[in-house]
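*Asks:* Residue-level listing of the chains:
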Amino acid sequence: MEQFLQQLTNGLAVGSIYALIALGYTMVYGVLKLINFAHSELVTLGAYLGLTLLTSFALTDRMGPLLGILLLAVMVMGLIALVGAMLDRVAYRPLRQSPRLSAVVSALGASIFLQNTIMLIYGARFLNYPHDILPKMTIHMMGIDVPLVRILILFVSLVMMGGLFFFIQKTRIGTAIRAAAIDQGAAKLMGIDVNRVVLLVFLVGPALGGAAGLMLGLYYGQINFTMGWSYGLKAFTAAILGGIGNIPGAMLGGLLLGVIEAMGATYISFAWKDAIAFLVLILILIVRPTGLLGERVAEKV
Amino acid sequence: MIDMLLEIVDLHVSYGNIEVLHGINLKVAQGEIVTILGANGAGKSTTLLTISGLVRAAKGAIYFDKTPLHKLHAHKVVKEGIAQVPEGRRVFGTLTVQENLNLGAFVSRDSARVKRTREWIHQLFPILAERRHQLAGTLSGGEQQMLAIGRALMSEPRILLLDEPSLGLAPLLVKTIFQTLRQINETGVTVLLVEQNARAALKLANRGYVLELGKIVLEDEAKALISNPEVQQAYLGGIA
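As you go down the protein sequences, you meet chains R and P in turn.
Under this note's numbering, the first residue of the first sequence carries the number 1, and numbering increases by one thereafter.
Under this note's numbering, the first residue of the second sequence carries the number 1, and numbering increases by one thereafter.
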């Protein structure tokens, strides 16, 4: 039981990071029907920028761990948002009227370009986050000791997802984003500037991805220029699991994938962790081809 | 001469290398109901899409109350006071009826006014008030058409462009919708109506244009068009 709860909290923490990354994929896909393959590199960049800013400003020493990391997160999210907007401007916007495959190729190119840029700047070796940023506290709950960082990650992710959900579902701009995702032409007839919707999506998605990268650094302590690839793939899987283009779906898919993976690694085989995750994806897609919360993807003509 | 609200001058539109509108001239005065008749592929929808800025003009000009529309992006055209009910309704299926209506008022910031307009639309189409929390995709075709019209009216347009509002609807429903269009027009909204149902359109309209293969071939009072033998032959099934 104790092991189960430990793995559950671990899975939820990792899953919430997957969910944050998955949101970036799903939002861009929702509006542009484009898989932004470079999104995973934005996650990596978030982890590296986080490390750079953390060590060069010594934020946590000056402001205390919690406030320091909060400020760090804001800075990382802001910077990655800008990179995301630039990525769209340079790699995708010139191809908006081209066949969809051209944009996919451009996405792959952007991904490789960003990954190599990160490698050239930071080197190919693993880098370590300082050990002592967050206090090595554990919190006793439900009969187990849960590391503070795990709870913080889950909490902060849930807050961000809740905020995004509210923004998308309840605000005027959020409704405009949903409308543009359904029918861009009709959205324009409502007076919605679809280019600005796209820009917004390329600010919000990467900001969440950047935050996720920072969390990965804080949680695992080690970062590498290829790290985005595996997390990006998992998050992409999570987005499909939940139904790509569907925002609550990405959240659900991410959390679910994290838990499944943690359970599979513990109770079946650690070495088969990834295989189990993808097996679940395949099984769910056989039963529900549009993903758990997805709808009518096939209807689009 | 009356001041024209909408004036299209020598409009040419191409899709790729193929020109589909070959120099159209069309005028709509304030308060009028004008209809554009024509067969499939004549360029009726293209004309409306170009007015709304979803399709770019290759040559020529469109003026709305002296403002050159052909230079504006689609989302800016709405702000000028032009709303379109597109062909096939194109309601946002996975959003609620209420959300669809609110999107129609995306450009207006005055929430009290938006509320008043919404109440007026609920009066015009009571079913929309009843189904406000339902997803638009679950409405019947007729209800979706009403929603599309209501949504367009939410921006309080000076001119309402409608592309085939009768498409796929039962005759009785077409009648209801056309009656509502008259009501809307009586509140001062100018109407430009593209229709295949020529008889219903000409009964409603003051004037009409006949579009054939990207060119205006006839232009007259609606009454005169109804009794025009050529129009009867081609668009009214030969019987007056």
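A few of these clues could be false.
Said to hold, decoys possible - Residues of chain R placed beyond 12 Å of chain P at every Cβ, according to the derived structure: (1) T55; (2) M63; (3) I112; (4) N116; (5) I144; (6) I173; (7) T175; (8) A179; (9) A186; (10) V287.
What the hints assert, rightly or not - With a Cα cut of at most 25 Å, we get these calculated DMTMM-like pairs of lysine to aspartate or glutamate: (11) P:K76 to P:D10; (12) R:K170 to P:E221; (13) P:K203 to P:E221; (14) P:K71 to P:E87; (15) R:K170 to P:E119; (16) R:K33 to P:E230; (17) P:K115 to R:D145; (18) P:K66 to R:D183; (19) P:K71 to P:E119; (20) R:K170 to P:E7; (21) R:K170 to P:D10; (22) P:K215 to P:E186; (23) P:K175 to P:D110; (24) P:K27 to P:E87; (25) P:K71 to R:D145; (26) P:K76 to R:D61; (27) P:K76 to R:D183; (28) P:K203 to P:E186; (29) P:K203 to P:E87.
No wet-lab data here; the hints were simulated from the structure.
These figures come from a predicted structure and were not determined experimentally.
Think of the CB as a built atom: it goes at the ideal place given N, C-alpha and C, for glycine as much as any other residue.
*Asks:* Look at each hint and say if it fits the structure.
*Replies:* Hints versus structure:
Against the 12 Å criterion, R:T55 stays outside the reach of chain P, whose nearest CB is about 45 Å from its own CB. With a least beta-carbon separation of about 39 Å from chain P, R:M63 lies farther than 12 Å from that chain, consistent with its non-interface assignment. Interface exclusion of R:I112 from chain P stands, the closest Cβ pair being 33 Å apart, more than 12 Å. Its beta-carbon lying about 37 Å from the closest one in chain P, R:N116 satisfies the requirement of being farther than 12 Å from that chain.
Under the 12 Å C-beta cut-off, the non-interface status given to R:I144 relative to chain P holds; the minimum distance is some 41 Å. With 12 Å as the threshold on Cβ separation, the claim that R:I173 sits away from chain P is violated: the shortest Cβ distance comes to roughly 9 Å. Taking the minimum C-beta to C-beta distance to chain P, about 6 Å, the non-interface status of R:T175 is violated against the 12 Å cut. With a closest Cβ-Cβ approach of about 5 Å to chain P, R:A179 is found to fall inside the 12 Å limit, against its non-interface label.
In this structure R:A186 is not separated from chain P by more than 12 Å, as the shortest Cβ-Cβ distance comes to only about 4 Å. Every CB of chain P lies more than 12 Å from the CB of R:V287, the least distance being 22 Å, so the non-interface label holds. This hinted pair checks out: P:K76 and P:D10 have alpha carbons roughly 22 Å apart, not beyond 25 Å. Of the supplied pair hints, the one linking R:K170 and P:E221 is violated, its CA atoms being roughly 48 Å apart against a limit of 25 Å.
Annotation: proposed proximity of P:K203 to P:E221 holds, straight-line Cα distance about 11 Å (limit 25 Å). In summary, the hint linking P:K71 to P:E87 is supported, as the alpha carbons are separated by about 23 Å, within the 25 Å threshold. A threshold of 25 Å between alpha carbons decides the hint, and for R:K170 with P:E119 the separation of about 21 Å falls inside it, so the pair holds. At most 25 Å may separate the alpha-carbon atoms for a hinted pair to count; R:K33 and P:E230 exceed this at roughly 47 Å.
In summary, the hint linking P:K115 to R:D145 is not supported, as the alpha carbons are separated by about 53 Å, beyond the 25 Å threshold. Note on P:K66 and R:D183: the hinted pairing is violated, with a Cα-Cα distance of about 30 Å set against a maximum of 25 Å. With a CA separation close to 34 Å, the supplied pair P:K71 and P:E119 exceeds the 25 Å bound. For a cut-off of 25 Å, the pair hint linking R:K170 to P:E7 is broken: about 39 Å separates their Cα positions.
Straight-line distance between C-alpha atoms of R:K170 and P:D10 comes to about 44 Å, which puts the hinted pair past the 25 Å bound. Between P:K215 and P:E186, the direct Cα distance comes to roughly 30 Å. Violation of the 25 Å bound is thereby established for this hinted pair. At most 25 Å may separate the alpha-carbon atoms for a hinted pair to count; P:K175 and P:D110 exceed this at roughly 34 Å. Only pairs whose Cα atoms come within 25 Å are accepted, and P:K27 paired with P:E87 is accepted, the gap being roughly 21 Å.
For the proposed pair P:K71 and R:D145, the alpha carbon gap of about 65 Å is over 25 Å, so the pair is violated. In summary, the hint linking P:K76 to R:D61 is not supported, as the alpha carbons are separated by about 50 Å, beyond the 25 Å threshold. Of the pairs offered as hints, the one joining P:K76 and R:D183 holds, with about 18 Å between alpha carbons and a cut-off of 25 Å not exceeded. At roughly 15 Å between alpha-carbon atoms, P:K203 and P:E186 fall within 25 Å of each other, so this suggested pair holds.
Restraint check for P:K203 and P:E87: satisfied, since their Cα atoms lie roughly 21 Å apart, inside the 25 Å limit.
Checked against the numbered hints given earlier, the structure breaks hints 6, 7, 8, 9, 12, 16, 17, 18, 19, 20, 21, 22, 23, 25 and 26 and satisfies all the rest.
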